[in-house]
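Chains W, L and U are the protein sequences, given in the same order.
Residue numbering for the first sequence is 0 to 244, as defined by numbering that gives the first Met the number 0.
Residue numbering for the second sequence is 0 to 492, as defined by numbering that gives the first Met the number 0.
Residue numbering for the third sequence is 0 to 252, as defined by numbering that gives the first Met the number 0.
Simulated from the structure, these hints should not be mistaken for laboratory data.
C-beta atoms are modelled at their ideal positions from N, C-alpha and C, and glycine is treated no differently.
Among the hints, a few may not be true.
Said to hold, decoys possible - Which chain L residues face chain U? A few, computed with CB under 8 angstroms, are given here:
| # | residue |
| --- | --- |
| 1 | 57 |
| 2 | 74 |
| 3 | 193 |
| 4 | 222 |
| 5 | 233 |
| 6 | 260 |
| 7 | 262 |
| 8 | 278 |
| 9 | 283 |
| 10 | 301 |
| 11 | 305 |
| 12 | 308 |
Unchecked claim - Here are the computed lysine-lysine pairs in the DSS-like style, where the Cα-Cα straight-line distance is at most 27 angstroms:
| # | chain 1 | residue 1 | chain 2 | residue 2 |
| --- | --- | --- | --- | --- |
| 13 | W | 182 | L | 397 |
| 14 | L | 62 | L | 397 |
| 15 | L | 402 | W | 182 |
| 16 | W | 182 | L | 62 |
Claimed, not checked - Computed footprint of chain L on chain W; a stretch qualifies when at least three of its residues, placed anywhere within it, have a C-beta under 8 angstroms from a C-beta of chain L:
| # | region |
| --- | --- |
| 17 | 4 to 10 |
| 18 | 46 to 55 |
| 19 | 95 to 106 |
| 20 | 219 to 225 |
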Amino acid sequence: MRIGLFVTCLTDTLFPDTGKAVVTVLERLGHQVDFPAGQTCCGQMHFNTGYRREAVPMARGFVAAFGGYQAVVTPSASCASMVREYFPALAAEAGDPGLARAVAEVAPRTHELSVFLADVLRVTDVGGYFPHRVTYHPSCHSLRMLRVGDAPLRLLRAVRGLDLADLPDAEACCGFGGTFAVKNPDVSAAICADKVAAVRRSGAEVLCAADNSCLMHIGGALARQRSGVAVMHLAEILARTEETR
Amino acid sequence: MTAPGGSMPTYLGMPSFPAAARTAVADSQLRANLTHATRTIRAKRAGAVAELSDWEELRQAAKAIKDHTLAHLDTYLLRLEANVTRAGGHVHWAVGADEANAIVAGLVRAAGANGIVKVKSMATQETGLNEALAADGIGALETDLAELIVQLGHDRPSHILVPAIHRNRAEIREIFRRRMPGAPAGLTDEPAALAAAARAHLRQAFLSAQVGVSGANFAIAETGSLVVVESEGNGRMCVTLPRTLISVVGIEKILPSWRDLEVFLALLPRSSTAERMNPYTSTWTGVTPGDGPEDFHLVLLDNGRTSALADRTGRQALRCIRCSACLNVCPVYERVGGHAYGSPYPGPIGAIISPQLRGVTSPADASLPYASTLCGACYEVCPVAINIPEALVHLRAKVVDAKREKNFSPERAVFSLSGRVLRSPRLLAAAQRAAAASGRLVFRSGRIRRLPPPLAGWTETRDAPVPPPESFRAWWSRTRGGSGPPERAGPRS
Amino acid sequence: MSGTARDQILARIRAANRAVGLTDGGPDGAASGPRAEGYADADADADAAYAALARRYLRAHHDAAAHDIAALFAERAADYRAVVERVPESGLAPAAARVLATRVAAAPGPVLAPAGLPAGWLAELAAEITLARDEPPLSAAELDRAAGVVTGCAVAVAETGTIILDHGPGASGQGRRALTLVPDFHLVIVREDQVAADLAEAFARLDPARPHTLISGPSATSDIELIRVEGVHGPRTLHILLAGRDRGYARTR
Numbered sequence: 000m001r002i003g004l005f006v007t008c009l010t011d012t013l014f015p016d017t018g019k020a021v022v023t024v025l026e027r028l029g030h031q032v033d034f035p036a037g038q039t040c041c042g043q044m045h046f047n048t049g050y051r052r053e054a055v056p057m058a059r060g061f062v063a064a065f066g067g068y069q070a071v072v073t074p075s076a077s078c079a080s081m082v083r084e085y086f087p088a089l090a091a092e093a094g095d096p097g098l099a100r101a102v103a104e105v106a107p108r109t110h111e112l113s114v115f116l117a118d119v120l121r122v123t124d125v126g127g128y129f130p131h132r133v134t135y136h137p138s139c140h141s142l143r144m145l146r147v148g149d150a151p152l153r154l155l156r157a158v159r160g161l162d163l164a165d166l167p168d169a170e171a172c173c174g175f176g177g178t179f180a181v182k183n184p185d186v187s188a189a190i191c192a193d194k195v196a197a198v199r200r201s202g203a204e205v206l207c208a209a210d211n212s213c214l215m216h217i218g219g220a221l222a223r224q225r226s227g228v229a230v231m232h233l234a235e236i237l238a239r240t241e242e243t244r
Numbered sequence: 000m001t002a003p004g005g006s007m008p009t010y011l012g013m014p015s016f017p018a019a020a021r022t023a024v025a026d027s028q029l030r031a032n033l034t035h036a037t038r039t040i041r042a043k044r045a046g047a048v049a050e051l052s053d054w055e056e057l058r059q060a061a062k063a064i065k066d067h068t069l070a071h072l073d074t075y076l077l078r079l080e081a082n083v084t085r086a087g088g089h090v091h092w093a094v095g096a097d098e099a100n101a102i103v104a105g106l107v108r109a110a111g112a113n114g115i116v117k118v119k120s121m122a123t124q125e126t127g128l129n130e131a132l133a134a135d136g137i138g139a140l141e142t143d144l145a146e147l148i149v150q151l152g153h154d155r156p157s158h159i160l161v162p163a164i165h166r167n168r169a170e171i172r173e174i175f176r177r178r179m180p181g182a183p184a185g186l187t188d189e190p191a192a193l194a195a196a197a198r199a200h201l202r203q204a205f206l207s208a209q210v211g212v213s214g215a216n217f218a219i220a221e222t223g224s225l226v227v228v229e230s231e232g233n234g235r236m237c238v239t240l241p242r243t244l245i246s247v248v249g250i251e252k253i254l255p256s257w258r259d260l261e262v263f264l265a266l267l268p269r270s271s272t273a274e275r276m277n278p279y280t281s282t283w284t285g286v287t288p289g290d291g292p293e294d295f296h297l298v299l300l301d302n303g304r305t306s307a308l309a310d311r312t313g314r315q316a317l318r319c320i321r322c323s324a325c326l327n328v329c330p331v332y333e334r335v336g337g338h339a340y341g342s343p344y345p346g347p348i349g350a351i352i353s354p355q356l357r358g359v360t361s362p363a364d365a366s367l368p369y370a371s372t373l374c375g376a377c378y379e380v381c382p383v384a385i386n387i388p389e390a391l392v393h394l395r396a397k398v399v400d401a402k403r404e405k406n407f408s409p410e411r412a413v414f415s416l417s418g419r420v421l422r423s424p425r426l427l428a429a430a431q432r433a434a435a436a437s438g439r440l441v442f443r444s445g446r447i448r449r450l451p452p453p454l455a456g457w458t459e460t461r462d463a464p465v466p467p468p469e470s471f472r473a474w475w476s477r478t479r480g481g482s483g484p485p486e487r488a489g490p491r492s
Numbered sequence: 000m001s002g003t004a005r006d007q008i009l010a011r012i013r014a015a016n017r018a019v020g021l022t023d024g025g026p027d028g029a030a031s032g033p034r035a036e037g038y039a040d041a042d043a044d045a046d047a048a049y050a051a052l053a054r055r056y057l058r059a060h061h062d063a064a065a066h067d068i069a070a071l072f073a074e075r076a077a078d079y080r081a082v083v084e085r086v087p088e089s090g091l092a093p094a095a096a097r098v099l100a101t102r103v104a105a106a107p108g109p110v111l112a113p114a115g116l117p118a119g120w121l122a123e124l125a126a127e128i129t130l131a132r133d134e135p136p137l138s139a140a141e142l143d144r145a146a147g148v149v150t151g152c153a154v155a156v157a158e159t160g161t162i163i164l165d166h167g168p169g170a171s172g173q174g175r176r177a178l179t180l181v182p183d184f185h186l187v188i189v190r191e192d193q194v195a196a197d198l199a200e201a202f203a204r205l206d207p208a209r210p211h212t213l214i215s216g217p218s219a220t221s222d223i224e225l226i227r228v229e230g231v232h233g234p235r236t237l238h239i240l241l242a243g244r245d246r247g248y249a250r251t252r
């Protein structure tokens with residue numbers, strides 16, 4: 000399959016290794032990966048902060064870059080949610096039937112990575128090897144908006160050598176919430192503190208999630224505490240093999 | 000259509016949420032009380048809900064019934080008025096809080112009383128009824144144990160269902176010892192002893208009261224019946240024993256018919272107190288000779304509800320049946336409690352109702368839609384399926400749009416500029432190169448410990464990532480050129 | 000805007016619904032068309048749309064054909080710390096006499112017996128126990144001095160363990176609402192044929208014009224640290240006798 004990779008502005012700018020890992024995994028499974036250079040951002044940060052007008056050009060950019068791809072894959076549940084759940088409303092508000100039509104075409108073909116692997120390709124063993132104790136945090140977008148279910152856990156369980164530890168209170172929010180982390184830093188930190196405590200209680204060496212936004216937030220607190228716990232995106236764990244660890 | 004909003008006089012001048020939250024988050028007693036209470040009820044609720052295999056069907060039916068009612072609200076209100084009147088009651092209409100308070104005060108004086116007993120009513124809290132009556136020389140005695148605790152403690156309620164959740168038993172004992180006339184000497188802080196003290200304190204008031212004031216959980220249009228759902232029995236006392244009963248009810252509390260109670264009484268107790276059914280539910284229609292009040296008055300309250308009704312996305316908030324399940328699962332509420340929301344309606348539902356009833360311009364109301372991480376836990380537990388995250392994001396746009404008239408806003412400038420960068424691949428790539436350069440030069444240690452405002456809040460408690468030397472798109476362009484796959488297979492870099 | 004508050008509110012409601020695109024029977028489901036003048040059409044539109052609402056929930060969570068709903072009622076009422084006893088019809092009078100004698104011994108005073116209470120229920124009451132009638136109506140203070148009250152009920156709900164009084168006249172003997180509110184002890188006699196499987200059936204049996212009291216256990220509060228505490232303002236003890244066809248009885252508490 001020819002797959003359009005939507006790497007997301009956050010991963011593009013701050014966590015390029017995640018993007019590289021997605022490419023590695025998909026090519027390992029025999030697919031062809033394109034990176035349409037016209038892509039930028041899904042507009043979620045602006046949309047969620049109330050700047051909906053400013054998000055419309057980003058939606059236009061997205062459909063222009065990705066129209067025509069059989070599948071669009073992104074390593075972010077929150078960005079996939081933006082495209083699938085909110086682009087239609089954005090197009091309707093913009094009063095742009097052309098945009099609405101383009102969105103109706105591309106949104107259903109836009110998948111978060113774990114959903115694409117486990118439910119679309121129906122593959123859970125992607126050939127990964129990662130001999131470490133890992134715990135998984137389900138981001139709120141993946142859990143409640145996209146409803147990815149246990150797709151990420153099935154993928155992690157198939158990674159050779161990986162010791163999957165339960166995360167206590169896993170379904171609790173991490174407290175990032177986009178601009179919430181900056182507008183309400185005290186509450187954000189208070190919520191994060193409980194998530195960090197749970198991660199440390201799990202005994203894991205690595206915290207894994209399918210969203211770099213959550214990882215940046217929880218990881219930043221784990222680093223501040225000198226906890227010794229690393230954070231890795233799901234794609235980066237799946238990309239590791241015996242050769243590349 | 001511009002309908003003037005409602006007002007909540009007692010809550011004027013509340014600070015913005017972030018400011019109030021900063022204090023609350025640091026209050027260790029409050030944090031301990033909230034954590035214990037919300038986690039307990041959360042688990043119980045899950046068990047109560049799991050018992051019903053058709054919970055989702057009940058939820059969808061409730062949502063449909065409420066949406067239908069709102070779509071025909073005028074018809075149903077007229078039907079309710081006709082049926083209450085036919086059954087011997089009187090119906091009054093109040094556009095705003097002051098009007099509602101004045102109607103109640105007038106009725107109390109006409110009954111020749113200078114005091115009332117009150118059963119918990121969010122609507123009267125919203126209008127500031129007690130304060131308005133006090134200004135008129137009329138005493139209002141709160142009879143819900145929690146409202147009594149709040150009243151004696153000169154405090155404000157902090158939760159829809161359990162208004163004194165921010166108090167533990169030791170604090171409650173102190174309040175009773177110091178402020179409850181006739182509190183027994185040597186009162187312990189055992190919950191049973193505290194409840195017994197409240198019972199003794201209120202009993203005489205109940206048995207001699209002339210006027211009772213209540214709200215209602217539901218008002219049935221088809222029959223003119225009102226329904227009050229409670230646990231302690233003080234509701235029964237207030238709606239049965241006095242000669243005059245006044246019920247202040249928001250116009251959105253109406254249901255079309257008697258049979259709809261089979262849906263809502265299945266959903267409400269399990270969602271709120273996590274029981275199959277609450278101890279007492281009372282229904283009455285107008286006046287019943289020989290049984291209960293001889294004089295019944297229903298005050299229908301708008302106070303901004305019609306503003307919410309005019310908002311296609313926001314009106315779903317009017318489905319609310321005040322169960323408080325959303326408060327108990329909210330990670331934000333759990334850390335700050337109800338006072339930080341600056342409204343009689345706290346938590347997730349408060350964040351979408353308060354700005355719609357009061358408008359989005361006050362510091363409190365402009366900040367409430369942002370008092371959320373959009374985690375969606377509230378939507379999952381709402382028995383009438385209010386999509387609270389959707390409503391929050393919608394209200395954020397309203398707040399932003401209301402400010403667009405203003406000349407300059409630093410935040411808008413940042414979002415405008417970043418918006419231009421983020422929609423242009425060229426500008427984005429340029430910004431990434433600049434960030435990578437600063438990363439190489441300045442942050443060689445690999446960690447950022449402190450960021451300047453407006454991002455300083457981030458680094459108060461977290462390290463920030465250093466921009467890597469090469470963005471993803473730069474890497475792709477360098478190693479793969481163009482949009483397509485590599486021209487020849489080789490080791491990945 | 001001019002006019003009374005009522006006029007203003009109704010006008011705002013209509014304008015609001017128009018503003019969001021809901022004319023008569025818009026997305027609500029009934030036939031579409033501009034709103035006609037006069038209330039009659041609005042009523043018909045509302046009723047048609049209401050009748051069309053989908054209700055996919057269960058009418059009863061335990062089917063009476065497959066479950067012993069009387070036993071379910073007993074079990075669930077006992078969950079609330081009500082005292083529940085199942086007795087055969089023939090054992091009802093002795094059981095009522097025993098329960099009331101125990102109560103009066105612990106808390107002396109008259110027992111309230113509303114009009115219409117079946118005479119047979121109290122046929123074996125000990126002579127020392129004073130029965131008080133509510134004719135002429137007793138004062139609040141007199142109600143407060145009673146040892147307790149004994150009533151029947153209108154219907155009981157098995158699923159939720161609830162007793163519903165409709166305070167009606169006639170042979171159910173329930174009395175006006177204050178009679179079961181002020182005294183500290185309430186003995187309710189429920190016949191098995193009065194037990195409905197669930198809320199839907201129960202509400203269908205009631206007349207909304209009457210006042211109702213739904214009772215699910217003795218009074219309680221969770222206002223202190225969310226710990227449930229029994230006995231605030233309503234009767235602190237609720238004792239239920241569930242009378243069925245003659246067979247062995249079991250005490251469920």
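Do the hints match the structure? See the list:
1. 57: This interface hint holds because 5 angstroms falls under the 8 angstroms limit.
2. 74: 5 angstroms, holds
3. 193: Because about 6 angstroms separates residue 193/L from the closest Cβ in chain U, which is inside the 8 angstroms limit, the hint holds.
4. 222: Holds. Min distance 4 angstroms.
5. 233: This interface hint holds because 5 angstroms falls under the 8 angstroms limit.
6. 260: OK, holds: residue 260/L within 8 angstroms of chain U, min 6 angstroms.
7. 262: This interface hint holds because 7 angstroms falls under the 8 angstroms limit.
8. 278: 5 angstroms, holds
9. 283: 4 angstroms, holds
10. 301: Since chain U brings a Cβ to about 5 angstroms from residue 301/L, closer than 8 angstroms, the hint holds.
11. 305: 4 angstroms, holds
12. 308: 4 angstroms, holds
13. 182/W x 397/L: Cα-Cα ~17 angstroms, so holds.
14. 62/L x 397/L: Status holds; Cα separation ~24 angstroms.
15. 402/L x 182/W: The given pair, whose Cα atoms are some 17 angstroms apart, holds under the 27 angstroms limit.
16. 182/W x 62/L: Cα-Cα ~33 angstroms, so violated.
17. 4 to 10: holds (count 3)
18. 46 to 55: holds (count 8)
19. 95 to 106: Since three or more residues must qualify, the claim that chain L covers the region 95 to 106 of chain W is violated, with 0 doing so at under 8 angstroms.
20. 219 to 225: holds (count 4)
Checked against the numbered hints given earlier, the structure breaks hints 16 and 19 and satisfies all the rest.
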